[in-house]
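The whole structure should be built from the sequences, with the hints applied where relevant.
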Amino acid sequence: MAEPRLSVVIISYECRDVLLRCLDSLGTALREGDEIILVDNASTDGTVQEVRARHPAVRCIANLENIGFARAVNGALPLARGRLTLLLNPDTT
Numbered sequence: 003m004a005e006p007r008l009s010v011v012i013i014s015y016e017c018r019d020v021l022l023r024c025l026d027s028l029g030t031a032l033r034e035g036d037e038i039i040l041v042d043n044a045s046t047d048g049t050v051q052e053v054r055a056r057h058p059a060v061r062c063i064a065n066l067e068n069i070g071f072a073r074a075v076n077g078a079l080p081l082a083r084g085r086l087t088l089l090l091n092p093d094t095t
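For what it's worth, my numbering labels the leading residue of the sequence shown as 3, then goes sequentially.
Hints are computed from structural coordinates only; laboratory data are not their basis.
Since we're looking at a predicted model, the values are computed, not measured.
Every residue, glycine too, gets a C-beta built ideally from N, C-alpha and C.
Among the clues, some could well be false.
With beta-carbon atoms standing in for the labels, derived distance ranges [to be verified]:
| hint | residue 1 | residue 2 | range |
| --- | --- | --- | --- |
| 1 | THR46 | LEU86 | 28 to 36 angstroms |
| 2 | ALA59 | ASP93 | 18 to 26 angstroms |
| 3 | ASP93 | GLN51 | 14 to 22 angstroms |
| 4 | GLU5 | THR46 | 29 to 37 angstroms |
| 5 | ARG33 | LEU66 | 29 to 37 angstroms |
Next up, the structure:
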């Protein structure tokens with residue numbers, strides 16, 4: 003499989019509804035083969051379950067505790083395979 007052109011990294015916490023709108027929007031904007039990496043910081047609002055159901059191509063990392071934004075980003079960046087990486091807030095549409 004070819005290297006993705008773009009890796010989108012999103013960190014979430016208790017923002018299921020706005021995150022789903024963001025992912026819906028990204029679905030129309032990304033090229034085939036681009037990747038989305040979601041790191042969820044132990045949300046209790048069903049974020050991970052809903053993302054997995056509605057956006058199965060998103061790579062979800064479900065933290066068992068809220069490790070904060072910076073640590074979540076630092077954990078996700080080494081997983082990004084794209085030539086370019088975009089750090090995106092979940093309320094972006």
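Problem set entry | Hint check against the structure, violated hint numbers in rising order | none
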